[in-house]
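**Student:** Sequence:
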Amino acid sequence: MQDFKTTALVCTPSYALKMADVMAEMNVNPHGLSLRYGLFGAEPWSESMRREIHEKLGIRASDNYGLSEVMGPGVAGECEYCNGLHINEDHFLVEIIDPQTLEPVAPGEVGELVITTLTKEAFPVIRYRTRDLTRLLPGQCPCGRTFQRMSRVLGRSDDMLIIKGVNVFPTQIESILFDIEGTQPHYRLLIERENNEDTLTVMVEVVESLFFDEMRKQRQLVEMIRKRMASELGVSVTIKLVEERSLERFDGKANRVDDRREM
1370 MQDFKTTALV CTPSYALKMA DVMAEMNVNP HGLSLRYGLF GAEPWSESMR REIHEKLGIR
1430 ASDNYGLSEV MGPGVAGECE YCNGLHINED HFLVEIIDPQ TLEPVAPGEV GELVITTLTK
1490 EAFPVIRYRT RDLTRLLPGQ CPCGRTFQRM SRVLGRSDDM LIIKGVNVFP TQIESILFDI
1550 EGTQPHYRLL IERENNEDTL TVMVEVVESL FFDEMRKQRQ LVEMIRKRMA SELGVSVTIK
1610 LVEERSLERF DGKANRVDDR REM
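So for the sequence shown, my numbering puts the first residue at 1370; every next one is plus one.
Calculated directly from the structure, the hints in this document are not laboratory data. No experiment lies behind these values; they were computed from the predicted model shown.
With a Cα cut of at most 27 Å, we get these calculated DSS-like pairs of lysine-lysine: (1) 1596 to 1533; (2) 1387 to 1425; (3) 1622 to 1387; (4) 1609 to 1387; (5) 1622 to 1609; (6) 1425 to 1374; (7) 1425 to 1622; (8) 1609 to 1533; (9) 1609 to 1586; (10) 1374 to 1387; (11) 1596 to 1609; (12) 1596 to 1586; (13) 1425 to 1609; (14) 1425 to 1586.
Beta-carbon label-pair distances, calculated as ranges: (15) 1624 to 1441: 19 to 29 Å; (16) 1615 to 1561: 14 to 24 Å; (17) 1563 to 1479: 28 to 38 Å; (18) 1370 to 1613: 16 to 26 Å.
Note that beta-carbon positions come from the ideal geometry of N, C-alpha and C, so glycine has one too.
Model the full assembly from the supplied sequences, consistent with the hints where possible.
**Tutor:** Here is the structure:
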């Protein structure tokens, strides 16, 4: 990127954060590069993760949606307002259905995205189930574009975790973690079954200073995360704080769930 004066970065958001970590290890200042813009997709990510990328790389981070079965990136994308992803409706007809009943959901409700291609001649699809969960947004975007907008992908119907009968998506946990000062944008979910009950352990990296500070501050952070998750997700979790760079980094799509209930 230094040699070619790269101005745009296209990858998964988790890989962008991995690159930021590598730059820090190499003593490369990302703000001294020519990078100005990042186009990210291929995995669910949160607003907190967007802010983290902006702070670490100093670029504008934009969400883009696509899938290889249709055309890859470009099915929908954010404008300068980052107020939902504009669907390219001249090429795609989209619907939101209930993944269980396959019936259309009410306007604005979350469901599975279904796509019909309108202009593809090679490998067209009709009502293709993406397994991606999102919702259609009402109203018109301030940018003036009239294409229908969808929210960022919340997760996949086959990624949903059922913990003690409660539906939980990794992106919900991510949003809570990234919203709490002292945590890093890297986490791991361990799901096990003990005494016929599901247990969820959340391992999250925290800033280095916490491991050299009072144990009381670590306990306060653990309790804060635990209460937020109990309140917003409706499940009790075990929180484990780990040191920076101790969790696995991902070159492709991040796989942060280790479900051992079936092992």
